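*Asks:* Below are the chains, spelled out letter by letter.
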Amino acid sequence: MAPVISTNQLTKRFGQFIAANALTFEVDKGEIFGFLGANGAGKTTAMRMLCGLSTPSSGKATVAGFDIYTQTEKIKQNIGYMSQKFSLYDDLTVAENIRFYAGIYGMSTPAIKTKTNQLLQELQLEKEAKTLVKALPLGWKQKLAFSVAIVHDPDIVFLDEPTGGVDPVTRRQFWDLIYAASDKGVTVFVTTHYMDEAEYCNRVSIMVDGVIAALDSPANLKQQFNATTMEDVFYELARNAKRKAD
Amino acid sequence: MINLTSIKKSYNKGQIPAVTGISLSVERGELFGLIGPDGAGKTTLFRILTTLLIPDEGTATVDGLDVVKDYAKIRSRVGYMPGRFSLYQDLTIEENLNFFATVFGTTIKENYHLIEEIYKQIEPFKDRRAGKLSGGMKQKLALCCALIHKPTVLFLDEPTTGVDVVSRKEFWDMLQRLKQEGITILVSTPYMDEANRCDRIALIQKGSILSVDTPKGIVDAFPQDLFAVRSAKTHQLLRDVRDFPGTDTCFAFGESLHVTFKGDPRPLIPWLKQKGQADATMEKITPGIEDCFIHLLKN
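Those protein sequences? They're chains D and B, same order as listed. Everything in the first sequence is counted per the numbering used here, starting at 1 for the first residue and increasing by one. Everything in the second sequence is counted per the numbering used here, starting at 1 for the first residue and increasing by one.
There's no promise every hint is true.
What the hints assert, rightly or not - Calculated pairs, BS3-like style, for lysine-lysine (alpha carbon to alpha carbon, straight line, at most 30 angstroms): (1) 60/D to 76/D; (2) 85/D to 206/B; (3) 284/B to 222/D.
Unchecked claim - Partial list, derived from the structure: chain B residues whose beta carbon lies under 7 angstroms from chain D: (4) 39; (5) 134; (6) 251; (7) 255; (8) 294; (9) 297.
Honestly, the hints are just simulated from the structure, not real lab data. Values in this document were obtained by computation on a predicted structure and should not be read as measured data. Using N, Cα and C, we set each Cβ at its ideal position, and we do this for glycine too.
Between the sequences and the hints, there should be enough to build the whole structure, so can you do that?
*Replies:* In structure tokens, the structure reads:
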């Protein structure tokens with residue numbers, strides 16, 4: 001089976017500064033892939049390239065089978081994206097938000113209708129369909145934001161610090177959603193500053209100063225660095241980072 | 001040093017309660033943590049204590065001064081680093097620092113020893129405009145500006161949110177040193193693991209306090225035995241342990257599950273083996289602050 005993400009020597013320069021340096025890795029279908037790194041290590045730059053928002057300086061990559069130089073619009077149609085700042089419209093209702101996102105992704109009116117009902121049922125939000133999103137508790141908003149990010153059944157969803165600032169119970173419920181999506185075959189590409197969450201990933205990459213300094217399963221990484229937790233692994237790799245000022 | 005008595009505050013004409021009756025006191029020289037998720041009311045408390053917001057009900061004092069009547073005096077004595085970067089984007093690092101020193105009637109030189117360690121790290125960029133700085137550098141500059149007048153109390157609203165593990169450790173080391181200078185520090189964070197760096201903490205959720213104590217006191221008050229359960233198939237393990245009839249609560253904590261039981265925990269392991277989790281193990285553990293927070297949320 002072809003990997004969902006495949007990069008080869010992917011590089012982005014800003015003038016003299018090499019933000020992302022020769023990234024080479026693959027992510028498989030249905031995998032939960034943790035993308036970690038210190039602030040300023042180049043994570044955002046890498047993610048923007050993979051989402052088709054930024055053209056690489058050199059190297060190759062495909063996302064969902066599409067080339068990141070020439071097929072960026074195709075990529076955008078076949079990925080989902082959710083950041084910590086909820087991408088929902090507070091002044092639209094729950095159902096309107098779903099319809100909006102499904103419409104953006106070009107779904108047909110009957111398909112949108114079916115999908116809306118299905119999502120409301122799955123999220124147990126049927127009674128809240130006509131509630132404005134701003135009136136929802138944080139945990140529900142987060143579930144809804146994730147659901148609209150994958151409303152168009154993308155091959156892969158990018159989650160940029162999706163659990164920042166939420167309470168510990170909600171944070172764990174969110175990971176239940178991630179597991180469920182992964183079980184359905186959706187590839188999950190996730191960044192986080194919570195090191196316990198790194199343990200929930202199938203594989204984890206850790207970026208330091210623009211390069212991928214380590215990439216393996218959490219168990220193998222801990223063994224490799226003779227560490228008991230992923231936090232220790234991260235600390236070991238990132239404490240000597242040169243891009244310190246960030 | 002800080003005293004809150006039955007403080008209430010709501011927004012939108014009472015429609016959105018932010019703080020629903022909080023009483024709290026922080027001793028002189030203490031490093032006190034407000035631990036809670038977004039929307040818990042942390043920022044509202046900071047804004048009341050820094051005299052930027054008037055409470056609906058209740059009274060509060062900082063350094064013996066009333067936050068409503070003596071607001072001007074309080075402002076000259078406290079340092080405040082808001083969660084959102086609020087320095088002047090068009091001024092350079094040095095200009096911002098000079099500005100804040102001047103406003104408070106002091107000079108950079110006078111209290112340089114307080115900021116030296118932090119300022120040295122951003123000094124090479126002192127002619128760069130604040131708006132062009134990276135997140136970590138902005139944070140360091142904001143802390144310098146909040147310290148330059150040698151405040152008696154320092155208010156830090158989520159200084160480490162979105163900051164990586166390494167920088168977070170450094171930041172807390174620095175707070176320990178500021179505490180040695182005698183500065184009282186009230187700091188908020190959504191990261192439960194940082195609670196252990198505080199003298200005392202308040203766990204807050206939805207505008208009220210769940211518990212106030214030393215980190216150790218909070219952990220000691222955990223009422224049940226807590227167990228860590230492990231196997232290679234963590235995701236499947238989560239489902240299996242939740243299905244076990246004797247399970248009370250079960251939450252994922254990194255590579256293990258943290259589990260409490262309604263009765264005897266011992267039948268779990270044989271039960272898991274039956275389910276195909278041949279390598280499942282269980283050991284009794286000491287709860288962390290996050291376990292306690294989850295327990296308090298559930299009850």
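*Asks:* Determine for every hint whether it applies to the structure shown.
*Replies:* Results for each hint:
Note on residue 60/D and residue 76/D: the hinted pairing holds, with a Cα-Cα distance of about 17 angstroms set against a maximum of 30 angstroms. For the given pair, residue 85/D sits about 20 angstroms from residue 206/B by alpha-carbon distance, which is consistent with the 30 angstroms threshold. Between residue 284/B and residue 222/D the CA atoms are separated by roughly 22 angstroms; this keeps the pair inside 30 angstroms, and the hint holds. The interface hint given for residue 39/B is met, as the beta carbon of that residue sits about 6 angstroms from the closest beta carbon of chain D, less than 7 angstroms.
Annotation: residue 134/B was flagged as interfacial toward chain D, and the flag holds, the nearest CB pair being 4 angstroms apart, inside 7 angstroms. With 7 angstroms as the threshold, the beta carbon of residue 251/B comes within range of chain D, its nearest partner Cβ sitting at about 5 angstroms, so the hint holds. A cut of 7 angstroms between beta carbons decides the hint on residue 255/B: the least distance to chain D is about 5 angstroms, and the hint holds. For residue 294/B, the shortest C-beta to C-beta distance to chain D is roughly 5 angstroms, which falls under 7 angstroms, so the interface hint holds.
A distance limit of 7 angstroms between C-beta atoms decides the matter here; for residue 297/B the minimum to chain D is near 6 angstroms, and the interface restraint holds.
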